Amino acid sequence: MLAQISRPFRFLLPALVAILTPLSTFALEDVNPEVTEEVRLISAREKLSANPSIVVLYAEGLCCPSCAIGVRKKVSKLSNVDRAQFNNGVDLDTKTQLVSVAMKSDPTKIDLPSLAQAIWDAGYTPVRTYHLDAGDLRTTALPAENSD
Amino acid sequence: MQFKRVTEALWLGLVLGLAAPAGADQPVFNEMPRWDNGWGIQFVGERRIERDLMSGNQVVAAGFSEEVDLLHVEGVYTWDKTIRLTAKLPLILDARRELPDATGGKLIEHDDGIGDATLALPLKRYFNLDGRSGSWTLTPQARVPLGSTDNYEVSDRAWGSGLHAGFETETYRYLFAIGVTGWIFEGNTPAQTSGSIDFGVNFSLGDLSGHVKWETDYISENDGTEKLYIGPHVYLKITDTVHTQIMYKREAHSRRNALDHGNGHIIKLGFALVF
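Each protein sequence line maps, in turn, to chains A and B. Our numbering puts the first residue of the first sequence at 5, with every later residue one more than the last. Our numbering puts the first residue of the second sequence at -17, with every later residue one more than the last.
Excised from the complex, chain A in its bound form (with noise of 0.2 Å):
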């Protein structure tokens, strides 16, 4: 097979491909991230006091425009999203990645299992809640991956 393989590809390319991979992931591995947990946390008590109706969580990766496709369909599917808030319940902030999640009862009551879960299924990873206790901001860790 490697003799079917062609002579400027069987050096020029693999070469390039073995030099850059490793140089671009760590290249982007020390980007910094966009916004610090600092930031965040002023962002989501912004959110947060702005809707009291909302749960607000952040989940790496959600970092582009087409990463809210996913976390919308799985998301909104859950019960007691209000689609009639944000785009079908769900808004993300791809910035500071996080996503708020618009209710229609008590947003403490949200079944946090089956949000990271819904999460986990639009292929990110869930990572905390934030939530304002008598104006205090609180967060809460979200559950891993069932893998059932």
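No wet-lab data here; the hints were simulated from the structure. Note that the structure is a prediction, hence the values are computed from the model and not measured. Nothing false has been slipped in among the hints.
Incomplete in silico selection of chain A near chain B, CB under 7 Å: (1) C67; (2) Y128; (3) T129.
No residue lacks a Cβ here, since even glycine has one placed at the ideal position from N, Cα and C.
Following the hints, complete the assembly by docking chain B onto the known chain A.
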């Protein structure tokens, strides 16, 4: 920890680099659906024009062109975010090439009908970081000869097997992708290897969002043919369901082993629905 990461990355780089036989964009625009049980369909119109008849690096008959109009019909199903199944079928709307005839004039040949289908099984390993996401991809592929017989053939009309290996990553602002693909075919169809490197930036325009990429594709066949395409690619998300793209690529380096058309460019316009 850092040493372990360096070692892993070097190995992955080497493995990708040696995963010789390659091409290939997958529906929908390589990126979707990432979610479990997602599916999509994509239509890509392609116009390819090669202006001259070449042999080696030399133009032997300028102005003897080949023009090919294709409609690619492509489907994808993601039943788990790590496994997809894709199918691609090109429809040759019209293909026309000019060759010198015995009197010094132009002999014109045509082709149309169904092209060869490609079935692929992209296996993805995603990673999610603070402010960054990406994936490693390994894609076994098969080419199924369905092409019809005409004056000449745009399709290879041969069974083939291929393998693609790729790495993609994206931040809030930037995206980067690199990949290699290889194909071997039955009969006399030359084996093909290719590599691609894409850099891009994300943008938002009100409710619309997307990205602009600069793509570089190098294609080499074991009969000595080489093609280096470069050009921009714009993707636009209109809604969660409706997506579109436009791409232009120019052949920056052209080499043909046998007498064949070269010095070309490609324009693609794509429209996709994902569910």
